[in-house]
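Engineer: Could you slot chain B onto chain A? The hints should help.
Take a look at the letters that make up each chain.
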Amino acid sequence: MRKTSLTVILLASSALAGAAQAETVLTIESWRNDDLALWQEKIIPAFEAQNPDIKIKFSPSAPAEYNAALNAKLDAGSAGDLITCRPFDTSLGLYDAGHLADLSDLGGMANFSDVAKSAWQSDDGSATFCVPMASVIHGFIYNKDAFAELGLSVPTTEAEFFEVLGKIKEDGNYIPMAMGTNDQWEAATMGYNNVGPNYWKGEEGRLALIDGSQKLTDEAWVAPYRQLAKWGEYLGDGYEAQTYPDSQNLFTLGRAAVYPAGSWEISGFNNLADFEMGAFKPPVPNAGDDCYISDHTDIAIGMNAASPNAEAARTFLDWVGSEEFATIYANALPGFFSLSNFDVAMEDPLAQEFVSWRGECGSTIRSTYQILSRGTPNLENETWNASVQVIKGEESPEDAGKRLQDGLATWYAPHQ
Amino acid sequence: MGSSRIKWHIVVFLAPAVLVYSAVMVFPLFNTLRLALYTEVDQSRVFVGLDNFRTLFGDPLWSDAFWNALGNNFWFFFIHMLVQNPIGIVLAAMLSHPRLRFAAFYRSAIFIPTILSFVIVGFAWKLILSPIWGIAPDMLSAIGLKSLYAPWLGKEEYALTTLALVSVWQFIGIPMMLIYAALLSIPEEILEAAEVEGITGLAAFWKIKLPLILPSIGIISILTFVGNFNAFDLIYAAQGALAGPDFSTDILGTFMYRTFFGFQLQLGDPHMGSAIATGMFFIILAGVCMYLFLIQTRIRRYQF
Chain A
267 MRKTSLTVIL
277 LASSALAGAA
287 QAETVLTIES
297 WRNDDLALWQ
307 EKIIPAFEAQ
317 NPDIKIKFSP
327 SAPAEYNAAL
337 NAKLDAGSAG
347 DLITCRPFDT
357 SLGLYDAGHL
367 ADLSDLGGMA
377 NFSDVAKSAW
387 QSDDGSATFC
397 VPMASVIHGF
407 IYNKDAFAEL
417 GLSVPTTEAE
427 FFEVLGKIKE
437 DGNYIPMAMG
447 TNDQWEAATM
457 GYNNVGPNYW
467 KGEEGRLALI
477 DGSQKLTDEA
487 WVAPYRQLAK
497 WGEYLGDGYE
507 AQTYPDSQNL
517 FTLGRAAVYP
527 AGSWEISGFN
537 NLADFEMGAF
547 KPPVPNAGDD
557 CYISDHTDIA
567 IGMNAASPNA
577 EAARTFLDWV
587 GSEEFATIYA
597 NALPGFFSLS
607 NFDVAMEDPL
617 AQEFVSWRGE
627 CGSTIRSTYQ
637 ILSRGTPNLE
647 NETWNASVQV
657 IKGEESPEDA
667 GKRLQDGLAT
677 WYAPHQ
Chain B
832 MGSSRIKWHI
842 VVFLAPAVLV
852 YSAVMVFPLF
862 NTLRLALYTE
872 VDQSRVFVGL
882 DNFRTLFGDP
892 LWSDAFWNAL
902 GNNFWFFFIH
912 MLVQNPIGIV
922 LAAMLSHPRL
932 RFAAFYRSAI
942 FIPTILSFVI
952 VGFAWKLILS
962 PIWGIAPDML
972 SAIGLKSLYA
982 PWLGKEEYAL
992 TTLALVSVWQ
1002 FIGIPMMLIY
1012 AALLSIPEEI
1022 LEAAEVEGIT
1032 GLAAFWKIKL
1042 PLILPSIGII
1052 SILTFVGNFN
1062 AFDLIYAAQG
1072 ALAGPDFSTD
1082 ILGTFMYRTF
1092 FGFQLQLGDP
1102 HMGSAIATGM
1112 FFIILAGVCM
1122 YLFLIQTRIR
1132 RYQF
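So the protein sequences, as listed, match chains A and B. For the first sequence, the numbering used here gives the first residue as 267, with consecutive numbering after it. For the second sequence, the numbering used here gives the first residue as 832, with consecutive numbering after it.
Same shape as in the complex, but just chain A (with noise of 0.2 Å):
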């Protein structure tokens, strides 16, 4: 009796393990919060329909928390089997520490080109620690129906930008621009980081500031807070105060003409919108000039070092390698632009105009993400106070410029 109880019990635990063994479950730590639905429905199905013994869990936190709630869970040893990758230094510490695995040999890999990958490279380039999902493209987003109701034509130079801008004012049925300094990063980002390749022209300009051959007290670095400080007066009432969400709903609502825009917008006002948008390239200062665009390198995916399933995880990531990921994520994601090297065709009209300017420009990336962001002060966060004093007009943009650059210069060696 004690015996053929024994093995019962045996069969049933051996029967156990064979099911955990069978369903592995990797975790997905992420950012991305608004993509929870895209990858239940969409991603994960598409990938265990092929690897039925992989069970996929994305389970994301608040943007703003990712990065310090991912570095505690890290360092705690709970956090989940693949990790979304924050581009450049965030990610390279994550890698340095020995949090995320080398994934230089996977298969994978070889569809993206060495600019791709540059943003999860260790800095000679030996080792590559994320697979590259998408960029963002910046530019402005408008709203066609009120631009066709005041007979305004889009806008291509920085005068005619301003003449647009005081023309919707001056109708006042819509407020010119919806952007608010309260959350600090749209200034910067959508902002400064929006405007400013077209002169420092684009990655010769990122360059050289950080080889020290460009000061942040040179013209082609203080001209687009020359132009930040004219936006403070489009921006409506109490712009000061208005969250990020805010801008959103007044864009999506329509009391809004102008949003200056990340094209990770896009799906979400596709589905707010009942007006007809339009999309168009930051404007250069004078007609003629060549235009540059931040193509910035934003999101990628590594694996956990200590993750007990590293096997699952190498056949996931090498997935999210190939064509098939690039097509679903491009399209239900649209704004999201595929970094790898297939031809990935987009349906939405929105998703394309901002795609058609990697044509006719010059891309770049964010000027503060590589290297410049390393010490304190931290180039990027005093970027964002920075470009919300300017739209304030608390502070000139020549002495914004001067202060950022003093405090490049107390730690970072070659503009010293």
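These are computed hints drawn from the structure, not numbers from a lab. Everything numeric in this text was worked out from a predicted model, so none of it was measured. Incorrect hints may have been included.
[As the list claims (entries may be wrong)] Quick look at which bits of chain A chain B covers, simulated, 3 or more residues with Cβ under 8 Å:
hint	region
1	334-348
2	440-454
3	578-591
[To be verified] Once the Cα atoms are required to be at most 30 Å apart in a straight line, the calculated DSSO-like pairs of lysine-lysine come out as:
hint	chain 1	residue 1	chain 2	residue 2
4	A	Lys-433	B	Lys-977
5	B	Lys-986	A	Lys-435
6	A	Lys-435	A	Lys-496
[Said to hold, decoys possible] Every beta carbon over 10 Å from chain A, so not counted as near; a handful from chain B, in silico:
hint	residue
7	Phe-858
8	Val-879
9	Gly-889
10	Pro-929
11	Leu-931
12	Arg-932
13	Phe-942
14	Ser-948
15	Met-970
16	Pro-982
17	Gly-985
18	Ala-1034
19	Gln-1095
20	Leu-1116
21	Arg-1129
22	Arg-1131
Cβ atoms here follow ideal geometry from the backbone N, Cα and C, with glycine treated the same way.
Structural biologist: Then chain B, alone, in the frame of chain A:
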């Protein structure tokens, strides 16, 4: 034999509380103090003595932020003391008035915000004061004072005071309850005796009741002090970790959070973060000691 025997039941009953308290309060506290003496070099922890504090107070990049946060903390506390105590006393005095009807209802209504989460209070007030959807601008324009409206949370000169007032709104129930309890415990005989001597009305309040509730006000002040210098949640919920505009609402709690856990592209530095946390600990310790040894001992107490 009897007197030297260990009273095991005392040990057994104290053990759970002592163990839990040591594990979740005492150990982390001392570990934080210890962490402040280290720094990280090439992925390994190195002992550096007081270097972190030298950076915090000597390097203008850090010390400016620290003094700004400390100054804001004192202003936050000052507004609390200035607004919360008088209003608390007035509310308690009105509630203890014997002829007030629905006293229980008012008491509960005023106390309810205290049990709300900071996050709810932060978001609710952010919406109320919002220049776009808020009811504050509409209410002001209904009484013809629209010109007084400003986007308070977005203006450097008003933001911190506004948040301090929101915090007072949330916690006004606590001073009110403590003072109310103190007022109720004053024996009728004393008031009657005073009345016989000709001290009534306001005079009775100033000369009899106020001195008797002073110890309660002392307790409230020290609780407010500790609460304010540990504050973080409300600022974080309303203004985010960068405590805008231009760090005008940055208090020690948000400064510590940003440093310890990092923010956006800024990586977390647990060692500098611990140094700030240690600073906060000693500031609060100094405040509490000052209260205990200088004020508490001088307040006169009356036994009835």
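Engineer: Look at each hint and say if it fits the structure.
Structural biologist: Cross-check of the supplied hints:
For a cut-off of 8 Å, the count of residues in the region 334-348 of chain A with a CB near a CB of chain B stands at 3, and the three-residue condition holds. Proximity of the region 440-454 of chain A to chain B, defined as three or more residues with a beta carbon under 8 Å from a beta carbon of that chain, is established by the 6 residues found. A stretch counts as covered by a chain when three or more of its residues have a beta carbon under 8 Å from one of that chain; for the region 578-591 of chain A and chain B the count is 0, and the coverage is violated. At roughly 27 Å between alpha-carbon atoms, Lys-433(A) and Lys-977(B) fall within 30 Å of each other, so this suggested pair holds.
At most 30 Å may separate the alpha-carbon atoms for a hinted pair to count; Lys-986(B) and Lys-435(A) meet this at roughly 23 Å. Taken as a hint, the Lys-435(A) and Lys-496(A) pair is honoured in the structure, with Cα atoms around 13 Å apart against an allowance of 30 Å. Once the 10 Å rule is applied to beta carbons, Phe-858(B) is consistent with being away from chain A; the minimum gap is 16 Å. Every CB of chain A lies more than 10 Å from the CB of Val-879(B), the least distance being 16 Å, so the non-interface label holds.
No beta-carbon of chain A comes within 10 Å of the beta-carbon of Gly-889(B); the shortest separation is about 14 Å. Distance check on Pro-929(B): its Cβ is at least 45 Å (rounded) from any Cβ of chain A, clearing the 10 Å threshold; non-interface status holds. At the 10 Å boundary, the C-beta of Leu-931(B) stays outside the reach of chain A, the nearest C-beta of that chain being 38 Å off. The claim that Arg-932(B) is not at the interface with chain A holds, since no C-beta of that chain comes within 10 Å of its own (minimum 40 Å).
Its beta-carbon lying about 29 Å from the closest one in chain A, Phe-942(B) satisfies the requirement of being farther than 10 Å from that chain. Remark: the non-interface label on Ser-948(B) is consistent with the geometry, its nearest Cβ contact in chain A lying 16 Å away (cut-off 10 Å). With a cut of 10 Å on Cβ distances, Met-970(B) stays outside the contact zone with chain A, its closest approach being about 15 Å. Against chain A, the non-interface label of Pro-982(B) is violated: not every CB pair exceeds 10 Å, the least being about 3 Å.
Some Cβ of chain A comes within 10 Å of the Cβ of Gly-985(B); the nearest lies about 3 Å off, and the non-interface call is violated. Interface exclusion of Ala-1034(B) from chain A stands, the closest Cβ pair being 46 Å apart, more than 10 Å. Its beta-carbon lying about 6 Å from the closest one in chain A, Gln-1095(B) breaks the requirement of being farther than 10 Å from that chain. Interface exclusion of Leu-1116(B) from chain A stands, the closest Cβ pair being 27 Å apart, more than 10 Å.
The beta carbon of Arg-1129(B) sits about 44 Å from the closest Cβ of chain A, which is more than 10 Å, so the claim that it is off the interface holds. With a minimum CB-CB distance of about 47 Å to chain A, Arg-1131(B) clears the 10 Å threshold, and the non-interface call stands.
Hints 3, 16, 17, 19 from the earlier list are contradicted by this structure; the remaining hints agree with it.
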